[in-house]
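In order, the protein sequence lines correspond to chains A, B, C and D.
For reference, each letter of the first sequence is one residue, going 1 to 104 in my numbering.
For reference, each letter of the second sequence is one residue, going 1 to 328 in my numbering.
For reference, each letter of the third sequence is one residue, going 1 to 175 in my numbering.
For reference, each letter of the fourth sequence is one residue, going 1 to 178 in my numbering.
Simulated from the structure, these hints should not be mistaken for laboratory data.
It cannot be assumed that every hint is accurate.
Unchecked claim - Below are the DSS-like pairs computed for lysine-lysine, each with C-alpha atoms no more than 30 Å apart in a straight line:
no. : chain 1 : residue 1 : chain 2 : residue 2
1   : D       : Lys142    : D       : Lys35
2   : D       : Lys132    : D       : Lys35
3   : D       : Lys142    : D       : Lys132
4   : D       : Lys161    : D       : Lys174
5   : B       : Lys146    : B       : Lys63
6   : B       : Lys309    : D       : Lys132
7   : B       : Lys51     : B       : Lys63
8   : B       : Lys51     : D       : Lys174
9   : B       : Lys63     : D       : Lys35
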Amino acid sequence: MIVPYSQVLVLAGLLFLMGMFCLLSRRNLIMMVLGLEIMLNASAVAFVGAALRWQHLDGQAVAIFIIAVAAAEVSIGLGLIVWIYRRTGTVDAGCIESDACRID
Amino acid sequence: MSNWIAGFIVLMVKIAVVLGALLLSAAYLVWAERKLLGRLQVRLGPNRAGKFGLLQPIADALKMLCKEDIVPSAADRVIFLLAPAVVALTALLMFAVVPFGPPIVLWGREVPQVVSDINVALLYVFALSTLGVYGVALGGWASNSKFALLGGIRGAAQMISYELALGLSLIPVVMMAGSFSLVDIVNAQAEMPYIVFQPVAFAIFVIAAMAESKRIPFDLPEAENELGAGFHTEYSGMRFGLFFIGEYVHMQVLGALTAVFFLGGWRGPLLPGPIWLFIKIILVALIMIWIRGTLPRLRYDQLMALGWKVLIPASLVNILLTGAFLLV
Amino acid sequence: MTIYSTLFYLLAVLILASTAIAVTRRNMVHAVIYLVISFFGSALLFYLFGAPLLAALEVIIYAGAIMILFLFIVMMLRMEGLEDRLFPLKQWLPAVGVCFVYGMVLVMLIVSDTTDAPPMPAAAAAPATFGQFLFQRHWLAIEIVSMLLLIALVGVLRLGRDAGGKTRPESEVAQ
Amino acid sequence: MADLFDGIKAIGTGFSTTFRHLFRRPITEEYPEYKRVLPERSRARIILTRNPDGGERCVACYLCSAVCPVSCISMQSAERPDGHRYARWFRINFGRCIYCGLCEEACPTSAIQLTPDFENCRQDILSLVFEKEDLLVDHCGKDPEYNFYRHAGVATPDGGKGEHIGEDAPVNIKSNLP
Numbered sequence: 001m002i003v004p005y006s007q008v009l010v011l012a013g014l015l016f017l018m019g020m021f022c023l024l025s026r027r028n029l030i031m032m033v034l035g036l037e038i039m040l041n042a043s044a045v046a047f048v049g050a051a052l053r054w055q056h057l058d059g060q061a062v063a064i065f066i067i068a069v070a071a072a073e074v075s076i077g078l079g080l081i082v083w084i085y086r087r088t089g090t091v092d093a094g095c096i097e098s099d100a101c102r103i104d
Numbered sequence: 001m002s003n004w005i006a007g008f009i010v011l012m013v014k015i016a017v018v019l020g021a022l023l024l025s026a027a028y029l030v031w032a033e034r035k036l037l038g039r040l041q042v043r044l045g046p047n048r049a050g051k052f053g054l055l056q057p058i059a060d061a062l063k064m065l066c067k068e069d070i071v072p073s074a075a076d077r078v079i080f081l082l083a084p085a086v087v088a089l090t091a092l093l094m095f096a097v098v099p100f101g102p103p104i105v106l107w108g109r110e111v112p113q114v115v116s117d118i119n120v121a122l123l124y125v126f127a128l129s130t131l132g133v134y135g136v137a138l139g140g141w142a143s144n145s146k147f148a149l150l151g152g153i154r155g156a157a158q159m160i161s162y163e164l165a166l167g168l169s170l171i172p173v174v175m176m177a178g179s180f181s182l183v184d185i186v187n188a189q190a191e192m193p194y195i196v197f198q199p200v201a202f203a204i205f206v207i208a209a210m211a212e213s214k215r216i217p218f219d220l221p222e223a224e225n226e227l228g229a230g231f232h233t234e235y236s237g238m239r240f241g242l243f244f245i246g247e248y249v250h251m252q253v254l255g256a257l258t259a260v261f262f263l264g265g266w267r268g269p270l271l272p273g274p275i276w277l278f279i280k281i282i283l284v285a286l287i288m289i290w291i292r293g294t295l296p297r298l299r300y301d302q303l304m305a306l307g308w309k310v311l312i313p314a315s316l317v318n319i320l321l322t323g324a325f326l327l328v
Numbered sequence: 001m002t003i004y005s006t007l008f009y010l011l012a013v014l015i016l017a018s019t020a021i022a023v024t025r026r027n028m029v030h031a032v033i034y035l036v037i038s039f040f041g042s043a044l045l046f047y048l049f050g051a052p053l054l055a056a057l058e059v060i061i062y063a064g065a066i067m068i069l070f071l072f073i074v075m076m077l078r079m080e081g082l083e084d085r086l087f088p089l090k091q092w093l094p095a096v097g098v099c100f101v102y103g104m105v106l107v108m109l110i111v112s113d114t115t116d117a118p119p120m121p122a123a124a125a126a127p128a129t130f131g132q133f134l135f136q137r138h139w140l141a142i143e144i145v146s147m148l149l150l151i152a153l154v155g156v157l158r159l160g161r162d163a164g165g166k167t168r169p170e171s172e173v174a175q
Numbered sequence: 001m002a003d004l005f006d007g008i009k010a011i012g013t014g015f016s017t018t019f020r021h022l023f024r025r026p027i028t029e030e031y032p033e034y035k036r037v038l039p040e041r042s043r044a045r046i047i048l049t050r051n052p053d054g055g056e057r058c059v060a061c062y063l064c065s066a067v068c069p070v071s072c073i074s075m076q077s078a079e080r081p082d083g084h085r086y087a088r089w090f091r092i093n094f095g096r097c098i099y100c101g102l103c104e105e106a107c108p109t110s111a112i113q114l115t116p117d118f119e120n121c122r123q124d125i126l127s128l129v130f131e132k133e134d135l136l137v138d139h140c141g142k143d144p145e146y147n148f149y150r151h152a153g154v155a156t157p158d159g160g161k162g163e164h165i166g167e168d169a170p171v172n173i174k175s176n177l178p
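So here's chain A without its partners, still in its complex pose:
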């Protein structure tokens, strides 16, 4: 016996919350992508817990897909960040939006 599923959900929810906070409050593009990773990981935790709760492997299958999607997302995301950095010389989201360093 481990723990009630609701406690796993609380853990996953708090992780998701932290990821969201990171995504919303940081201005650094890399930290924002890190926040996305935390959120994806939180959902994977919830799904694996669900797989155990209902004794069904579907949850683990979804977790595998989440990991694959995270890999694809992070490669594209970091590729874009490098592209932006080469163009503008910064990875500050606020700075990129302003007129000071418009993408040419």
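Fit chains B, C and D to the supplied structure of chain A, relying on the hints for placement.
Okay, now just chains B, C and D, sitting in the frame of chain A:
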């Protein structure tokens, strides 16, 4: 309860024996490498400390322990101090899943000759070897020196590139054995070692393994003549020694994995299992030293081209052929 | 309180603490390292939940490949000390607001869940069983995901090519 | 295809070469047992030599000290009653010396010379500071015939002072005209 305690004691004894043997043979692997490399280059190699320089590893260890442990003032202190431990620890932990003999019966209990037989052993090895990249990359970054940083970046890029080829080259082996567990893989080679069926996978695995352990044709992260000593430029004393231990333990682990995946593990006629495994590890290590004495270092673009354009496609084709062969 | 539940709480504390530290770090390398610890904890949690294959994959892909990629980019672009103020008010307020609303919804959902769920039993799925299940029941999803990965690969290659072409000279970027 | 074959052959040649080296005699000279005799003009430990008639050659002109790139030579000049200059004390710090040989080239009297004796290391770095009595030897070094005061500014059968090949007229020390 007494059963549980007995199991615990057996486990601890196994860990102690494996750890001791691993560290001792790592020290003497350094000696063997220096000696053999010397002879390959028509030199003598170490011959001062003891007969044939046999006490050289002990002298080196004492020297490193006595040296001052310098931390550069602008370094990121905690990471700088922890990075060598990561390298050494991941290399040592990898050996936990390598079987070194058939199960034996001691005092009425069946004791498997492996520290831990987990069912995802192969993935465990990969997980540890990816974590080993952190030691290199963070050690380079935390030194706050441009040589070390370049070495760290190179190390990270090289190791994650060759990780792919390493993993893909082992998929045919897993397909043939039908299990991730190293014990099962060795048992599946009871009649014929896999090198007979998978010579291409064997070649890819050995090349990728050498790149993974930063051996000489692939030692760009520490390229002495362009980067000082790469990621461990700023390290001194026993922390440098830890990097060194990590490298040589990694070399032995890769030799053991080569033996397990392609050479039949501990299986062999006449001699007991652990000795056969040891002979095979030493054989692989000696071949690695021979390659080190012969080939020059690759250029960075050649390294990446070899990894991405030769090894990975070749291993993918190999997987496809193996799959087709197994289906027919 | 069995040994499993103790382990769960320990891991939960480890994951939450390291993630919380990670999202508030100014030094991105430190953030990445704390996040690696967090993902490592998640992997152990997966092992506890009876998914050894997923645990290994979590370490290999999340803690290994993805975080190394982050570390690589941070080291390559050399931009430590970028944010002069860690949490400017402009970002801080909406973030707190949204997170507060989210937290309220979370709490309400958990409170409203009155079905008295029993503690989860411990179980383990062998990798072979899981693999067969995955490839028999979800083969289409696997194909879609592999397509997605291929697209990502081609996209990144395109981006990398593009960045190498008509850009400002490297010396200018460095300033 | 031919390229591939050539490549494999090249790699094979390399490996066989190194393998054959395993059975060759090592060319290493083991130092403390076997000491190679260095050529006479190798640059190692510095000495101060004497004239054929036994006098000190050094005239304490400070040229070696001036030319020394690491400033490891120091001395104090003095004059004997007969007007010959000599070094009251002469000191070389071998802890700093880089054995470049510039002092030997600068020396007008061939007094300071470098010898092939390279076994010059100590446990205590302060004992590497050599005084004049440590440096002075009882022979003429590489130039056995040379005696400075016999050659410089001396009238010979070939001509008087300042009349030899490549020699300037003596300076008139009573005048300060250029």
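Okay, the hints, checked on the actual structure:
1. D:Lys142 / D:Lys35: 22 Å, holds
2. D:Lys132 / D:Lys35: Distance of about 28 Å is within 30 Å: holds.
3. D:Lys142 / D:Lys132: 19 Å, holds
4. D:Lys161 / D:Lys174: 17 Å, holds
5. B:Lys146 / B:Lys63: Between Lys146 of chain B and Lys63 of chain B the Cα gap is close to 27 Å, so the pair holds against 30 Å.
6. B:Lys309 / D:Lys132: 69 Å, violated
7. B:Lys51 / B:Lys63: 19 Å, holds
8. B:Lys51 / D:Lys174: Status violated; Cα separation ~76 Å.
9. B:Lys63 / D:Lys35: 27 Å, holds
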